[in-house]
Structure formats: C-alpha cells, structure tokens
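The task is to assemble the complex, starting from two chains supplied on their own in separate frames and drawing on the hints.
Chains E and R, in that order, give the protein sequences. Sequential numbering of the first sequence, starting at 231, is according to this note's numbering. Sequential numbering of the second sequence, starting at 50, is according to this note's numbering.
Hints listed in this document are in silico derivations from the structure and should not be mistaken for laboratory results. Where is the CB? At the ideal position from N, CA and C, for every residue including glycine. The reader is advised that the hints may include incorrect statements.
What the simulated footprint calls covered on chain E by chain R, stretch by stretch (three residues with Cβ under 8 Å from a Cβ of chain R suffice, anywhere in the stretch; the number is not a length) [what the hints assert, rightly or not]:
(1) 270–282
(2) 296–303
(3) 312–323
(4) 399–406
(5) 505–511
Label pairs and their calculated CB-CB ranges [claimed, not checked]:
(6) Val326/E to Arg251/R: 34 to 40 Å
(7) Gln139/R to Ala452/E: 52 to 58 Å
(8) Pro371/E to Thr119/R: 34 to 40 Å
(9) Arg251/R to Leu461/E: 48 to 54 Å
(10) Gln139/R to Leu309/E: 48 to 54 Å
(11) Gln139/R to Phe269/E: 51 to 57 Å
(12) Glu292/E to Ile250/R: 57 to 63 Å
(13) Lys283/E to Gly135/R: 28 to 34 Å
(14) Asp128/R to Pro371/E: 38 to 44 Å
(15) Asp174/R to Val272/E: 55 to 61 Å
(16) Thr119/R to Glu313/E: 51 to 57 Å
(17) Pro286/E to Glu168/R: 24 to 30 Å
(18) Arg322/E to Gly375/R: 25 to 31 Å
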Amino acid sequence: MSQASLSQATAPAGQQEIPARRRTRLGLRYGRRLQLIGFAFVLPTLLFFAAFKFGPMLWAVELSFTSFDMVSTPDWVGLENYERLAEDPVFRASLVNTFVYIAGSTVLIALVGLGLALAINTSVPGARACMAVMFLTNLMPIIAVTLVWRFLLHPFGLVNQLLAPFGVGRMDWLTDEDLAMPAIIAVTAWRFAPYFMVVYLAGLLAIPRDYYEAAEIDGAGAIRRFLHITLPLLMPTIFFVVVVSALLSSRIFLMPYIMTGGGPGDATRVLSMLIYETGFSYMKMGEAAAISVVLFAIMLVFTVLQMRIFMRNERGLA
Amino acid sequence: MSKTTQATTTSAAARLHRREMLLGTGVALAGLGLGRRVLAQGRGTMNLSFWTFENPQQRPWIHKRVRMFTERNPNVRVDFQYFPFGDLGQKLSVGFATGTAPDGFVSQDWFMPTWLSRELLAPLDVRRLGYDSKEAFNTDFPAAFVEGATQGGEVYGYPLWFYGFCNYLNTKHFREVGLDAERDWPQDWEQLGEVARRLTIRDGERFQRQGFKFAMHAAQWTMIHLNAIVHQCGAKWFDDQGRCVINSEAGQRAMTIRASIARQYGAEDPADTIATNPLPMMDWLRERCSMFLNHPIPPAAIISQNPRMQEEGYYRPVQYPGVQRGRGYSTTYGFNLVVNARAPRERQEMLQEMYRFMMSDPADAWADAAPFPLARKSGWADNPAVQAFPHVNEIIKARDEGVLLPRSTVYNELADQVHRGVQRIMLNRADIKETLDAIAAAVDRASERARRG
Numbered sequence: 231m232s233q234a235s236l237s238q239a240t241a242p243a244g245q246q247e248i249p250a251r252r253r254t255r256l257g258l259r260y261g262r263r264l265q266l267i268g269f270a271f272v273l274p275t276l277l278f279f280a281a282f283k284f285g286p287m288l289w290a291v292e293l294s295f296t297s298f299d300m301v302s303t304p305d306w307v308g309l310e311n312y313e314r315l316a317e318d319p320v321f322r323a324s325l326v327n328t329f330v331y332i333a334g335s336t337v338l339i340a341l342v343g344l345g346l347a348l349a350i351n352t353s354v355p356g357a358r359a360c361m362a363v364m365f366l367t368n369l370m371p372i373i374a375v376t377l378v379w380r381f382l383l384h385p386f387g388l389v390n391q392l393l394a395p396f397g398v399g400r401m402d403w404l405t406d407e408d409l410a411m412p413a414i415i416a417v418t419a420w421r422f423a424p425y426f427m428v429v430y431l432a433g434l435l436a437i438p439r440d441y442y443e444a445a446e447i448d449g450a451g452a453i454r455r456f457l458h459i460t461l462p463l464l465m466p467t468i469f470f471v472v473v474v475s476a477l478l479s480s481r482i483f484l485m486p487y488i489m490t491g492g493g494p495g496d497a498t499r500v501l502s503m504l505i506y507e508t509g510f511s512y513m514k515m516g517e518a519a520a521i522s523v524v525l526f527a528i529m530l531v532f533t534v535l536q537m538r539i540f541m542r543n544e545r546g547l548a
Numbered sequence: 050m051s052k053t054t055q056a057t058t059t060s061a062a063a064r065l066h067r068r069e070m071l072l073g074t075g076v077a078l079a080g081l082g083l084g085r086r087v088l089a090q091g092r093g094t095m096n097l098s099f100w101t102f103e104n105p106q107q108r109p110w111i112h113k114r115v116r117m118f119t120e121r122n123p124n125v126r127v128d129f130q131y132f133p134f135g136d137l138g139q140k141l142s143v144g145f146a147t148g149t150a151p152d153g154f155v156s157q158d159w160f161m162p163t164w165l166s167r168e169l170l171a172p173l174d175v176r177r178l179g180y181d182s183k184e185a186f187n188t189d190f191p192a193a194f195v196e197g198a199t200q201g202g203e204v205y206g207y208p209l210w211f212y213g214f215c216n217y218l219n220t221k222h223f224r225e226v227g228l229d230a231e232r233d234w235p236q237d238w239e240q241l242g243e244v245a246r247r248l249t250i251r252d253g254e255r256f257q258r259q260g261f262k263f264a265m266h267a268a269q270w271t272m273i274h275l276n277a278i279v280h281q282c283g284a285k286w287f288d289d290q291g292r293c294v295i296n297s298e299a300g301q302r303a304m305t306i307r308a309s310i311a312r313q314y315g316a317e318d319p320a321d322t323i324a325t326n327p328l329p330m331m332d333w334l335r336e337r338c339s340m341f342l343n344h345p346i347p348p349a350a351i352i353s354q355n356p357r358m359q360e361e362g363y364y365r366p367v368q369y370p371g372v373q374r375g376r377g378y379s380t381t382y383g384f385n386l387v388v389n390a391r392a393p394r395e396r397q398e399m400l401q402e403m404y405r406f407m408m409s410d411p412a413d414a415w416a417d418a419a420p421f422p423l424a425r426k427s428g429w430a431d432n433p434a435v436q437a438f439p440h441v442n443e444i445i446k447a448r449d450e451g452v453l454l455p456r457s458t459v460y461n462e463l464a465d466q467v468h469r470g471v472q473r474i475m476l477n478r479a480d481i482k483e484t485l486d487a488i489a490a491a492v493d494r495a496s497e498r499a500r501r502g
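Just chain R, same shape as in the assembly (with noise of 0.2 Å):
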C-alpha cells in the first residue's frame, strides 16, 4: 500500500470513528433522556409549573406551602418561579402566545377578564377545593370578589389574598401640630385637605413635609386611589352598553376632589411624589409626607425604612375619607390561584390538591404573611394571633366595605388613559372636562376595537 493510500485509509478510518463516536454519544444521551423519562412515568411523578409575584411576605409564604404539598406528595415536583408584580401579567401574556405558560398562577383580579373571555383559565371543582358545594364557596368569600372568579356558574379562580386600602397616619406628626390622631383623622375629602394643610411644612416652592399624597408614579396606584372616590361620587367608569361615562359630572366631581389636595389645599407636591420613590409608600415611611393610602403595610416593611416608628408605634391606619363624613371606603383588589385550561387534566386536578393544601392553614398564611388579609371569611379573623395585630379590624374593615376595581378587557387601556389624564391634570393644570373627556373617547376606542376583535 503506498504512502498516500494508507494516509487516506487512516484519515477515513478516523473520521469514521468520530462520526461514529458522535453517533454513539447522541444516541447514549437521548437513550439516557428517554430512560429517565420512561422511569420517571414509571414512578408516576407529576411535573408541575407555577408562577407568582414577588412580595417580600407572600411570595415566601406561597413557596413554603408548595414546598410543603411537595414533601406530602414526593411524586409531585413543582417548578416554582415568580416574577416582579408588575411583569406577571405580561409574562403569562407571552407564555400563553408561546404555549410555555405554567400549568397554574396567581392571577391579580383585575387580570381574570382578560383570562376568561380568551378561555385560558379551567374551571375548578369546588369538592377538590375543599366546599361541599358552590353555594359553600361563595358565601365563604366577599360576594363582589367571587363575582369576579366566577363566570356562567363555573368557578375559575380560588380567591387568596384580598385587601382593601387605608389611610395612614404619622401619629407624631398629628401630635407636632395639635392633632389627635384617634380623634381628628379626616373622614371627609374637605377634612383631609384641611388636616394636610396643617401637617405640610413648606420652604417657598419646595416641600419638607406634604401633609397628604396620591401616588403618581404608576397608572394602577393611579386607579386604585381614584376608583373609590369615583364611587363615592356616584359616577361610574362604564354604563351598562359598556360606553365609558367618567366624563359625567360626577365624574368631574371626583377629579375635583382629587386634584383639590394640590390645587386647592396646597399640601402635597404631585411633580415631587412621581419622581423617585422605588416603593410608592417610602415618603410616608421617611416621614416626609404625614399620611398616604395604602395597602395593609407590614411591620418588616416600616422596619426596614423606619425601625423607630415601628419601634415607638407613631403610625396607625384609619378608613379612607369619604365623600359623605365618616362614611369612607377605599378600592379593594386581590389575588385568585387559577388553573391553566390547556395543561392536561390530571395536572389540573393535581393542582387543586395543591391549592386545597396550601389554603388549608389560613392562620399560617396570617402568620407568615401579615396583615395581608386572606379572601376567605372563615378561620381566621377571629385567630387571638390574628386579634393581637395592631388595628387589625380597621383592616379588615377596609377588604369587607371596599369597592372593585373596574372589571373590562380594556382595564389596560383604561388605567394608561387615566394615568396620563392625572398627569396632565396635576402636573400641568389641564382642564378636568376635556381631559376626561380625552380619557372617555380614548377608552371607547379600545372598546370598539376590543369588540370588533
């Protein structure tokens, strides 16, 4: 054989072992893959997948519950991830374009129109959940709130947390002007901008203290401090053909209210409060601003911000101000877990199991998570444990005697809209009737497409 020859046999016999050895290995790692998943079917392990948002209490407290029906249930692993609350919604938007949404989530209720009317959600079984019927079911939840987890008699979402906003007060500074915290918290829209007048400290334009802030750094705080002056007023976001009608004069009556803290009681500073705050309710925990509404604030929260407030208890939260005295309420929103309808079935039962085990210790969920108030009516509120936390009922009266958020498949469209008609009325004193007039006819124009599909 000559010199050539050989070389030749030599270089095809290697690359006839490479491709060999690349051949063995590919068909070694996917007989190894489909080994595994051949063993896993044999042992029956269910892969589950489920996503929430971040919260420094409730994320934890939803991840040890998982965490804990895993151990129960060793043939079940759950593939747990969350997201930054503002990004769930988009991420499962694309998750569902892209068929990698998780088998269940936590959706925030002003999602569940969305969800539904594109039939991504399954309906749940109320005897897995742990009711004898669905009658048992909704009475053990505030009515609006299972209106909202409900649709054409089937239930779609296991209600978990839900909670209404309060007004929190720096009680020090009440006392550094001559106020009585328990007896002179404003129950008036007037009293408040009163009260804030008082409590804001002002060096020329600039503001050391405002008395009284609305967020106005994104459009759903912008909805939420609206909404429930917008029923208080009487006006409504929607008539009954679905036109947005918060253009009406009550509706102006509620912009009015609205602006009047800056535009006519001077007491807070709207250029000031959008700027640079990473948590809406930071000025108030700094203390330089004397009262804000909020959601229940827990007490880890003030403590990292202002562990002497927490630790002199100069804070107390007190019902929203309303339009008629003392009779106040505030936007309540809150949380379902939901079932993917397009994961199989038996991941969907298994998923039930799960969300009857995690809402099976409601007092745990306080524990771990207060005070965040759960949904549901029975087993907890009257806990000592529960009882013990500092004006507990005050928040628990806020969840029960607050209103909804607007439930519309054009809830986006509408809180953009009513975001930048606030901006440019508190920002750059546009007129009231013509910006709500703008927000009206924007509105109606995402409806009209959303029905025209």
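Chain E on its own, in the form it takes in the complex (with noise of 0.2 Å):
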C-alpha cells in the first residue's frame, strides 16, 4: 500500500481531504513544493557564484591551455604552458618564496596568535583592552599599513633606530636578499595575528575551568597545565588557524608588492605577483592561467592534507 493511500485510510474523516489540497495544479506534493520555492529562494545565488566564481575559475583552467594575449583569440597549446614554466628559473623561485612565505607566515601567526591569546587570556588589568588596541591593526587598510612598514623598515628607519642600542648596526630590511623576506614575513604576522588571537581566545574560554582546578589541586604546574589541557583542547583551534592563515598566506599580493616589488632581485617574488606580471604587464595570459591553476593545485593539496590532518586528530581525542 502506498503511504498515500495509507495516510487517507488512517485519517480521521474530516481531514481526508487535506493531501489533494496539498497538490499544486502541476501536481506537485506540498513537501516537493516547499523545496521548489527554497530552491528558487537561493537560485539567484547559486547562479551568482557559478556566474563570477565557479565560472572564471573554469574559465582559467581552460585559458592555462591556450596562447592568449588578451586582444587576440585565445589559442590552444596544450600543456605548453606549464612545460614553460617548468623551465622559468623565475617561476620556479616564485614557487620556492611562495613556499616559505606561507610555512615562515603561517608558523608565525600560529605561534604569535597563541601567544597573545594566553596572555590576555589572564586576570591581568587590562588584559582586555590590550587585545582591542592590537586587534586595531586588521581595521587598518593593508595599503597604508605596509606603506608606513615601509618606513619603518627603511635602513634608517624607526626599526633599526630602536635596535641601534642594543649594538645592532645598519639592517637593510627590504633590500637585502636573505632579509627581505623575512621582513615580509614579520609584517605578515603583525598584521594577522591578532586576528587569530581573537580564534585562540574562544577556543581558550570554552575550555571548562573545573579542568584546570582539578589539575591544580593534582599539583600540576602551568606548564603542565597548558600541555595537558590547554594543547590538546585547542588543537581543533590550532589547526583552524593554521589551515586558514596558510590559505590566507598563500594568495597574498599586496605586501610584498608594495614592500619590496619582488625584490631584490627576485627575492620575494611570490606567485600571486608573477601571476599579475605575467598576465597584465607581459600579456600573456594563458601563462598568467596555467601559474594561477599550479597555485590552487598547491592550496588544494594543502587544505586537503590539513584537513586529513585534522579529522585523524579529531577522531584521536574522540
């Protein structure tokens, strides 16, 4: 028996009628009704992303196939492109300065961030107000932060007046092959780490305080203490911050191009920017496509890994 015929066999008589009321002129049942029209709710969006998002992105992996200058009509090439790059001393440095910027800058983030969190998540007076001061430099625009870092970081820049004391001499922050990017990396993280600090924080507060107490009257120290309870408890944090700050790291642009322009030499030349070169200053955009698909192949990869990562540690504290 069908479970119509079952539900007008057990209805009470009065409501017999409610399943052909139910059942639009297109016949529709009510319940495939209402999932129409929320569809229909969020059509409009789904069309937006495939319109400007999935759509260029398909769009880019077709172009990484093609000779394309942005006049002409886009040529086929095959793996052209990415035999190219394959030998491009200056792709292949953009790749390894991606690398280390994400790793150099993700690291970073993650330690800094926890460690501002720990320290404003104290008793202290003003701990509070402290982390609303250094949560100020995500409300500043990245252009005028890293203008001003620029300055600072100038061989006779505020920086190295501050270290002059301390017997440290002349440091070419931006200018200087192996300082450069480490320099980039710093900012990097003076800017974002207190963003995550807030994460850290929440992550901090849910930790049950009985824990703790419990702990304490074990005699456990606070080194104890965070490695016992803090750590583990905050991992499911510790890997947010980490996947979301590397994915974060490896598409940035702005810095490094503001700072130093790549430079010196190609010391800092990341593939976001070679992207931006190749396709809008050399024109040629199929190449432009096939550096930007080897970048989401390498976040793919990454946010993948991690999240592997992540659920076996989830599963390993369940």
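This is how it looks when you write it as structure tokens:
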C-alpha cells in the first residue's frame, strides 16, 4: 500500500481531503513544492556563484591550455604553458618563495596569535583593552599599513633606530636578499596574528575551568596544565588557524608588491605577483592562468592534507 | 462572491497591476533611452572616448584642448579619462581585451610595438593632421621618433611630447665644496664619480647627502638611466637576429659604469634610494642629493617641494655625462596621439580632426606644460616665450641628441629583467657578467615565447 493511500485510510473523516489540497496544479506534493520554493530562493545565489566564481575558475583552467594575449583569439597550445613554467627559473624562484612565505607566516601567525591569546586570557588588569588595541591592526587599510612599514624598515627608519642601542648595526631589511622575505613575514604576522588571537581566545574560553582546578589540586604546574589541558583541547582551533592562515598566505600579493616589488632580484617574488606581471604586464594570459592553476593546486593539496590531519586528530581526541 | 474569492480576485488584480506597472515602466524607460539615442543621432552627435596619463602639467593641457575642440564642435562629445602614468598601458590592454578600449589615446612610445604588432592602431591620414605629405610630416619630427610611429609606410602615431634627460645640478652644493657648476659640471662618467664623491656628506654608514644617485625604484627608470650608458659604450640590447646581447663586453662596461658611483666612488646609497620616495627626483628637490638625471622639471614641481630653490635659482640642467668627455647624451622618450583601429571610421576621422586642433598651437602647449618640449620641430622652439625659459636650449639639445629606448615586443620583460639585475648588482653585489648573462637568457626566453605565440 502506498503512503498516500495509507494516510487516506488512517486519517479522520474531516481531514481526508488534505492530501488533495496539498497538491499543486502541477501535481506536486506540498513537501516537494516547498523544496522547489526553497530552491528558487537560493537559485539567484547559486547562479551568482556559478557565473562569477566557478565560471571564471573553469575559464582560467581552460585559458591555461591556450596562448592568449588579451587581444587576439585564444589559441589552443595544450600543455605548452606548463612546460614553459617548468623551465622558467623565475617561476621556480617564485614557487620556492611562496612555500617559504606560507610556511614562515603560518608558523609565526599560529605561534604569535596563541601567545597573545594566552597573555590576554589572564586576570591581569587591562588585558582585554590590550586585545582591542591589538585588533586595530586588522582594521587599518592594508595599503596604508604596508607603506608605513616600508618607512619603518628603511635603512635609517625607526626599527633600526630602536635596535641601535642594542649594538645592532644598519640592517637593510627590504633590500637585502636574506632579510627581505623574513621582514615581510614579520609584517604579515604583525597584521594577522591579532585576528587569530581572537579565534584562539574563543577556543580558550570554551575550555571548562574545572579541568584546570582539578589539575591544580593534583599539583600540576602552569606548564603541565598548558601541555596537558590547554594544548590538546585547543588543537581543533590550532588546526583551524593553521589552515586558514596558510590559505591566506598563499594568496598574498599586496605586501610584497608594495614593500619590495618582488625584489631585490627575485627574493620576494611570490606566485600571485608573477601571475599579475605575466598577465597584465607581459600580456600572456594563458601562462598567467597556468600559474594560477598551479597555485590553486598547491592550495588544494595543502587544504586536503591539513583537513585529513585535522580529522585524524579529531578522531584521536574522541 | 465569497470573501475568499473576493480576496483572491483583489490579490490577482493587485498582482496584475504591479506587473503592468513594471512592464509599463520598463517599456517607458526603454522608449526613453531609444528616443534619446534617436534624437542624438538626429542631431548627429558623435561620442568619442579618449584616455591619457596623469601629469600635473600635461594632462590639464590635453584636457583643455579637448574641451576647446568640443566647444567648437558641439556635435562632438568626448569622454575624457586619465590614469596614473604607469597604469595606462595595462588599462589599455584590458580595454582591448574586453572591447572597452577608447577610440583614441596617448601612447608612450615604448608601447607602440605592442599595439602595432597586434594591429590595434588605425593608420592616420597626414593631410587630416595638417601636413601636405608624409615627407612633410616626417621632416617635422626627429627621425628616430617618427620611425617608432610608422610601419610599412603608414603613420600610426601623431607625436606629442618628446624629451631627453638632463643632469640636474644643485649649484649651491657645488659652491659649498668649491666647485663652479658652470665650469665643473661633469662631462664624463669618471668626472661624475669624482664630483659626486666631493659633494657627498656621510655620517658613518648614513648618507646625509648623496653626491649623485641613480633611480632604483622602478623598471622604467632603471632602463631610462642605463640605456644611454649602454649606447655610449657601443653596446646593444639586441643583435640583428633579435637575440639579447647586453651581456657583451660593451654591455658589461656599461653596467660597470652604472655600478661605479656606489661601488667605486661611494657617492650614492642604492638601498636608501630604492626605499620610500613618491617622486624619483624628490631627494634632489629636497637637497638630499646634489645631482640627478631627470626629464625636464617644471618650475611648479620645484616650488611645491623647495620654493627657496626656485626662488634663488640655485639649480641648472646640464647634458648627460659621456663615456667620451663632453659627448654625453641621454635616453629620450615621447608620446603619440593614436587611434584605435576598432573604432568606427567616422570616429577615427573625427579624432584626427581633434588631434590636428590640439596640436595647432604649440606655443600654448609650451605655455601650459613647460619645460616639456614637443616632438615637432616647427612652430615653437624659436618663440620668445620659449627662449626666455632658463636653460631651455639644454633641454632641447637633450631631446635632439638623445637615443630611444629599445623597441621590442618583449620590452616589459627586458625592463623587468634589467631592473632585477641592477638590484642584484647594486644591493647584493652580484657579479656583473653573471647577472648580465642571466638577463640575456631570460629575455631570449621571452623573445622565443613571443615568436612562438
């Protein structure tokens, strides 16, 4: 017996017509109709994403197999753009720089953010006010912040002046091949660590106080409490911070572009800058799209790896 | 009629009413738009779009002449837009790619091969520009500049401004160290190094004043400063087959001269120079540097940064130093008025009329944009107002004797590679030969890719 006839058979006499009334003129059941209406509501958003997010992404993948100078019709060249990239020392240097930047800034953001959150999550007076002040770094426009740092890191800028009393001589932060990338990583951490501090803080506040009180009664010191309570329970937050900050770092453009222009030489050229130069300065959109695809693949692999580690960790904790 | 039915009918009527309203509004708006277009066509209105770059003197003059043209031709409207100097090329590229490029624009001359190789420019009719023949047109401009604006016997660019670089001296600094700028201005690169060393004031590692400095902040400036030395040394950027040969012995000599002011004479600090200035000539204007190679500097720019310098007049431009004493010359570059090949024919013709009008009063161009010299030879240089400008003949001489930047479809790649190479040599003391080899190899790779499409 079908569900409809069963409901008709078991329904009270006064309600027997309800299923009939719940059918639309198109013969759709009420539930299905609701689903369609819901779908209609989200359809504009889906279309928007298809047209302006996934559409361009797919087009970029297609372009990466073509030679396209933004003016003529794209010519299919197969894997030639990827082969050229493999031979190009500037691409290889940019790839290495991107990995160094992602690794450096992710580690620094994760550590500094955690340190700040732990410092704020104390009963020291004024700690919360400090949090608000630190978060201000995220509210300032990134271009202004980057320009200010360019001045601060000038050979005779404030940073070197502050270091001088400690016997530190002139440091060419942005023009020395060995210092430029660490300097940009440090500025990145300065900019983003306070943001992730707030995320950490939310994680810290979610840890029940009872655990700490029980540990204290058992004689655990601050370090043991941190290692055996805080760190394990904060692990999901740490993984979140690492994944998000790594993705953020992989797309970085403005900081190296404004602070060093990719220099000195190619010391701070990252893939996103190379995409911009190749596409808009050299008018080689096919090749720029190929670099974009490589960057996308890196981000995808990185995300999947971290998600798997995260899931394994979650299962371990459970 | 039951209450429910009545409500349904009212609701349906309301829905119908709203639909009708929307439909009616849509039709009315469409009709209004169409009507305006029909009316505009009826009056013969022509809408032109025109793009140029921002420059505090040049852009307002162009805008003024465009406005004057539209006032005299009420049936012509010009959508005038301008962009930062360094952004115009990219804006145009994107415009061509998306079909939104303007009907006409000002093109930096080093972009001409890029547009011409892609057949993006329309040929100009020199008679429409006011010349009797192509010969008359060609003889009115420096040959090297005309060469870049022509292809296959057709003219594709109407030369606008064209200028060389001068060595701008702070004559007060010269006096302070016992030098006379009129007599002791450096005429070769060794003399430049020696004079710069005398002008330099250092406090330990810190330069309070650099005797001289090369621009380090942008690829285009690196090229402009280096290109003249490359030519003076007899080096070439490309050989006849299009291979980059800047790593030749002459090229190495040019780069050694470029590096010598910092390395040999200790008269400049490249790491300081690269860092912060919004204008390349700012250190010279603020007297933190005594000599700087620059395009003609308008008095307004000096007044805005250092009114005392302008008031007391303790500066002067002189010619570039040479590899051979007294035979220095600089890089020159200029700008062309061009027409988009994809613009409708009647707009192309109207733009040429507009260009002719714009350039019909060169003295006015000088008055508004001095001391940027025009590319054309006739009609302005002997004007008393022009001749009254301090040291104007140095500026004109730099224009006439200068050499052009390399014209290549891989110019941007070349400029970027050279810029990175100069950074490595100047900031990280990289080996000159190895660096030039790497530059040549990278440019050859770019050329090969360009050839293969």
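query = Taking the beta carbons of Gln139/R and Phe269/E, is their distance inside 51 to 57 Å?
reply = violated (41 Å)
Distance restraint hint 48 to 54 Å, applied to the beta-carbon atoms of Gln139/R and Leu309/E = violated (28 Å)
request  = State, for the Cβ atoms of Arg251/R and Leu461/E, whether the hinted interval 48 to 54 Å holds or is violated.
outcome  = The hint (48 to 54 Å, Cβ to Cβ) holds, given that Arg251/R and Leu461/E are roughly 52 Å apart.
Hint check for Thr119/R and Pro371/E - Cβ pair distance inside 34 to 40 Å = holds (38 Å)
query = How does the Cβ-Cβ distance of Thr119/R and Glu313/E compare with 51 to 57 Å: does it lie in that range?
reply = holds (52 Å)
inquiry  = Between the beta carbons of Glu292/E and Ile250/R, is the distance compatible with 57 to 63 Å?
reply    = 59 Å Cβ-Cβ, so the 57 to 63 Å window holds.
request  = Indicate whether the distance between the beta carbons of Arg322/E and Gly375/R respects the range 25 to 31 Å.
outcome  = violated (47 Å)
task = Given the hint of 34 to 40 Å, check if Val326/E and Arg251/R actually sit that far apart at their C-beta atoms.
result = For Arg251/R against Val326/E, whose Cβ atoms are near 37 Å apart, the range 34 to 40 Å holds.
ask   = For the pair Gln139/R and Ala452/E, does the Cβ-Cβ distance stay inside 52 to 58 Å?
value = holds (56 Å)
message = Taking 8 Å as the Cβ threshold, is the statement that the stretch 312–323 of chain E is covered by chain R upheld or broken by the three-residue rule?
response = The restraint on the stretch 312–323 of chain E holds, since 5 of its residues have a Cβ under 8 Å from chain R and three suffice.
ask   = Count the residues of the stretch 296–303 of chain E with a beta-carbon closer than 8 Å to any beta-carbon of chain R: does the count reach three?
value = Since three or more residues must qualify, the claim that chain R covers the stretch 296–303 of chain E holds, with 5 doing so at under 8 Å.
message = Please verify the coverage claim for the stretch 399–406 of chain E: does it have three or more residues whose C-beta sits within 8 Å of some C-beta in chain R?
response = holds (count 6)
Hint compliance for this structure: hints 1, 10, 11, 14, 18 are broken, all remaining hints hold.
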